[in-house]
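Heads up: the sequence lines are chains A and B, in that order. FYI, the numbering for the first sequence is 52 to 348, going by our numbering. FYI, the numbering for the second sequence is 52 to 348, going by our numbering.
Think of the hints as simulated: they come from the structure by calculation, not from any bench. Treat the hints with care, since some could be wrong.
Claimed, not checked - Computed list of lysine to aspartate or glutamate pairs in DMTMM-like fashion (alpha-carbon distance at most 20 Å, straight line):
1. A:K72 <-> A:E87
2. A:K250 <-> B:E291
3. A:K286 <-> B:E308
4. B:K197 <-> B:E294
5. B:K122 <-> B:D132
6. A:K305 <-> B:E294
7. A:K298 <-> A:E308
8. A:K250 <-> B:E312
9. A:K301 <-> B:D112
10. B:K208 <-> B:D223
11. A:K286 <-> B:E291
12. B:K122 <-> A:D223
13. B:K250 <-> A:D223
14. B:K250 <-> B:D223
15. A:K298 <-> B:E291
16. B:K208 <-> B:E316
17. B:K298 <-> B:E276
18. B:K301 <-> A:E294
19. A:K286 <-> B:D132
20. B:K298 <-> A:D223
21. B:K286 <-> A:E294
22. B:K298 <-> A:E291
23. B:K250 <-> A:E316
24. B:K301 <-> A:E312
Claimed, not checked - Over the 10 Å line for every Cβ pair with chain B, so calculated as not near, a few chain A residues:
25. G74
26. A84
27. R94
28. L95
29. D103
30. T128
31. D136
32. L201
33. L203
34. A240
35. A242
36. V290
For every residue, glycine included, the Cβ atom is placed at its ideal position computed from N, Cα and C.
2 protein chains.
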Amino acid sequence: MKLTVIGLGLIGGSMAIDLRKAGFAQEITGVDAVAENAEEALRLGIVDRIGDLENSVKGADFVIISIPVDKIVGTLTQVLDLISDQTTVIDVGSTKKAIALAVDSHPRRRNYVAVHPMSGTENSGPGAALQGLFEGKINIICDQEKSGPLYLAFAEKVFQVMGMKLAYMTADEQDHSTAFISHLPHVAAFALANAVLDKEEREIIFDLASGGFTSTVRLAKSSPEMWGPIFQQNKQYVVESLEVYIKHLKAFKKSIENDPEEMMELMRNANRIRGILSGEGDSLVKNEKTIVKLYTK
Amino acid sequence: MKLTVIGLGLIGGSMAIDLRKAGFAQEITGVDAVAENAEEALRLGIVDRIGDLENSVKGADFVIISIPVDKIVGTLTQVLDLISDQTTVIDVGSTKKAIALAVDSHPRRRNYVAVHPMSGTENSGPGAALQGLFEGKINIICDQEKSGPLYLAFAEKVFQVMGMKLAYMTADEQDHSTAFISHLPHVAAFALANAVLDKEEREIIFDLASGGFTSTVRLAKSSPEMWGPIFQQNKQYVVESLEVYIKHLKAFKKSIENDPEEMMELMRNANRIRGILSGEGDSLVKNEKTIVKLYTK
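Please model the complete structure; the sequences and the hints are all you need to start from.
See the structure below:
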């Protein structure tokens with residue numbers, strides 16, 4: 052299987068590593084607008100060769116577009132213009148509505164499968180790519196009926212090879228859900244970092260590595276170049292999630308000031324997240340029994 | 052050395068484990084208002100015996116009070132009433148001003164060392180106690196001039212045995228700093244959990260274990276019985292930190308809506324936390340070269 056990865060960062064690089072290791076991708080071509088990234092990916096053995104977009108896409112069986120979401124819109128159209136009917140294309144952006152809309156009437160729309168693999172770290176670039184990053188994680192497939200059955204099946208097989216669980220929803224549902232469970236936590240962490248940095252004058256930062264700060268603020272290390280376009284493309288739902296969050300913060304503050312019993316109740320309610328995180332809660336994941344590691348050597 | 056631990060939870064239990072393993076505490080007595088906790092600590096070998104407060108405190112070389120901060124005030128006074136001049140007493144509460152004030156004019160004030168060991172997990176109870184929980188972590192010693200030199204030196208030695216770094220500040224400085232780097236992240240996580248649980252009607256919780264949610268919300272699993280009293284005792288600074296945080300969240304929201312360039316700038320500013328967390332930032336820690344593991348067998 053000939054794989055082309057456009058954008059050799061954390062997500063694209065990690066997918067290439069897994070698909071090669073599984074024996075599923077035999078030839079991997081990399082495309083990156085930044086020459087140093089392309090060279091690093093080649094040096095790390097993530098890709099076999101680097102090339103320009105046009106030549107790298109033609110003849111590929113599978114194309115992964117893993118670049119910031121504002122760049123995906125134009126690049127996806129360009130890729131669909133170039134491919135044959137033997138090629139399946141995915142993008143891995145964290146937003147899906149704006150991207151899906153841009154290619155909605157493209158003659159090769161059926162070759163495209165809109166997905167959001169829910170995994171990552173706060174690091175970026177080819178050096179951040181990790182084997183097994185997607186193992187056991189969810190991949191959201193959006194508007195599946197707009198993908199041709201062949202291309203949908205092929206993409207599903209790719210994700211099963213990576214050990215992912217699959218969830219299906221509309222692009223609108225995915226953008227709304229993801230605003231709350233991914234985009235909002237990122238904004239919360241960015242703002243928390245800024246709030247603490249704001250108080251620097253009192254030498255408050257004596258040890259930020261203790262005290263519960265580290266895990267809560269981890270996402271504040273994330274790349275503005277990646278997250279800025281996500282917040283912009285999903286503006287409506289990210290703003291809604293922030294309004295809900297600020298409402299809850301204000302309610303908590305008010306309860307600390309005036310109503311200790313209500314404060315205890317708010318914490319007990321928040322504690323319910325423990326059961327949900329440990330898997331006792333609801334899940335929209337449709338096929339828990341995904342066949343994994345089909346191609347493991 | 053005879054050690055008495057009042058409150059056999061995560062912090063008290065972990066300290067007992069470390070001090071026994073280092074060979075520094077030979078006899079460990081446990082006191083807990085909840086009989087099941089006391090029995091579990093005994094069964095786990097964390098303490099050698101369990102007893103009532105009065106008999107367990109008399110004759111002890113070192114007393115650790117590790118109970119919720121609202122309970123510390125009364126218990127600390129009670130303990131100081133009972134001890135001889137050979138006993139050193141600490142409490143490990145996350146707030147220090149209210150507690151220190153309550154015993155400010157006690158005749159045995161000099162036997163008391165007010166500290167805040169900055170380590171923990173979101174779990175509680177004797178079963179949550181961990182060996183090495185404090186290794187390399189900061190212990191804040193407050194208002195050190197109010198402790199007698201003998202008792203201060205003894206307490207410092209205990210913390211060095213546990214491998215801790217020591218920081219010194221006033222109780223007021225500690226409460227202000229801790230509001231931002233520990234109490235605020237906890238409130239942020241409680242409110243984030245509530246915000247996401249709020250949207251449950253749209254089945255938003257399809258996979259909260261992905262997408263950056265888990266680490267940001269980890270602290271929302273924390274015990275209301277422990278944290279409620281902390282937020283109440285440190286009300287002034289926790290409310291201040293929340294106001295600063297909400298201000299930064301609103302600024303971020305506004306920038307998403309109207310000013311993408313400002314939004315990028317806010318993220319770049321937040322990214323500075325990476326350098327600070329990795330130890331390139333300022334530190335108030337006074338003695339990085341603490342002698343550790345004095346008593347390791």
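Each hint tested on the structure:
The hinted pair formed by A:K72 and A:E87 fails the criterion: a straight-line CA distance of about 24 Å is larger than 20 Å. The straight-line distance between the Cα atoms of A:K250 and B:E291 is roughly 11 Å, inside the 20 Å bound, and the hint therefore holds. With a CA separation close to 7 Å, the supplied pair A:K286 and B:E308 stays within the 20 Å bound. A threshold of 20 Å between alpha carbons decides the hint, and for B:K197 with B:E294 the separation of about 33 Å lies outside it, so the pair is violated.
Restraint check for B:K122 and B:D132: satisfied, since their Cα atoms lie roughly 16 Å apart, inside the 20 Å limit. With a C-alpha separation of about 11 Å, the suggested pair A:K305 and B:E294 falls inside the 20 Å cut-off, and the hint holds. Between the alpha carbons of A:K298 and A:E308 the distance comes to roughly 15 Å, so the proposed pair stays at or under 20 Å and holds. Straight-line distance between C-alpha atoms of A:K250 and B:E312 comes to about 24 Å, which puts the hinted pair past the 20 Å bound.
Restraint check for A:K301 and B:D112: not satisfied, since their Cα atoms lie roughly 46 Å apart, outside the 20 Å limit. A threshold of 20 Å between alpha carbons decides the hint, and for B:K208 with B:D223 the separation of about 24 Å lies outside it, so the pair is violated. Pair hint A:K286 plus B:E291 does not hold up; C-alpha atoms about 29 Å apart against a cutoff of 20 Å. At most 20 Å may separate the alpha-carbon atoms for a hinted pair to count; B:K122 and A:D223 exceed this at roughly 50 Å.
The suggested pairing of B:K250 with A:D223 holds, with an alpha-carbon distance near 15 Å, which does not exceed 20 Å. Restraint check for B:K250 and B:D223: the C-alpha separation of about 39 Å exceeds 20 Å, so the hint is violated. Of the pairs offered as hints, the one joining A:K298 and B:E291 holds, with about 17 Å between alpha carbons and a cut-off of 20 Å not exceeded. Note on B:K208 and B:E316: the hinted pairing is violated, with a Cα-Cα distance of about 46 Å set against a maximum of 20 Å.
A C-alpha spacing of about 28 Å is found between B:K298 and B:E276, which places the hinted pair above 20 Å, so the restraint is violated. A distance of roughly 9 Å separates the Cα atoms of B:K301 and A:E294; the hinted pair therefore holds under the 20 Å criterion. A C-alpha spacing of about 61 Å is found between A:K286 and B:D132, which places the hinted pair above 20 Å, so the restraint is violated. For the given pair, B:K298 sits about 29 Å from A:D223 by alpha-carbon distance, which is inconsistent with the 20 Å threshold.
Of the supplied pair hints, the one linking B:K286 and A:E294 is violated, its CA atoms being roughly 24 Å apart against a limit of 20 Å. A distance of roughly 17 Å separates the Cα atoms of B:K298 and A:E291; the hinted pair therefore holds under the 20 Å criterion. With a C-alpha separation of about 18 Å, the suggested pairing of B:K250 with A:E316 holds against the 20 Å cut-off. A C-alpha spacing of about 27 Å is found between B:K301 and A:E312, which places the hinted pair above 20 Å, so the restraint is violated.
At roughly 26 Å from the closest C-beta of chain B, the C-beta of A:G74 stays outside 10 Å, upholding its exclusion from the interface. Here A:A84 stays apart from chain B, with its beta-carbon at least about 18 Å from theirs, past the 10 Å limit. With 10 Å as the threshold on Cβ separation, the claim that A:R94 sits away from chain B holds: the shortest Cβ distance comes to roughly 25 Å. The Cβ of A:L95 lies farther than 10 Å from every Cβ of chain B, with a closest approach of about 22 Å, so its non-interface assignment holds.
Every CB of chain B lies more than 10 Å from the CB of A:D103, the least distance being 29 Å, so the non-interface label holds. Even its closest Cβ contact with chain B, about 22 Å, leaves A:T128 beyond 10 Å, as expected for a residue assigned away from the interface. The Cβ of A:D136 sits about 33 Å from the closest Cβ of chain B, beyond the 10 Å cut-off, so the non-interface label holds. For A:L201, the non-interface assignment is confirmed: its Cβ lies about 26 Å from the closest Cβ of chain B, beyond the 10 Å cut-off.
The claim that A:L203 is not at the interface with chain B holds, since no C-beta of that chain comes within 10 Å of its own (minimum 19 Å). The Cβ of A:A240 sits about 6 Å from the closest Cβ of chain B, inside the 10 Å cut-off, so the non-interface label is violated. Consistency note on A:A242: stated as away from chain B, yet its beta-carbon is not over 10 Å from all of that chain's, at 4 Å minimum. The claim that A:V290 is not at the interface with chain B is violated, since a C-beta of that chain comes within 10 Å of its own (minimum 6 Å).
When held up to the earlier numbered hints, the structure conflicts with 1, 4, 8, 9, 10, 11, 12, 14, 16, 17, 19, 20, 21, 24, 34, 35 and 36 and fits the remainder.
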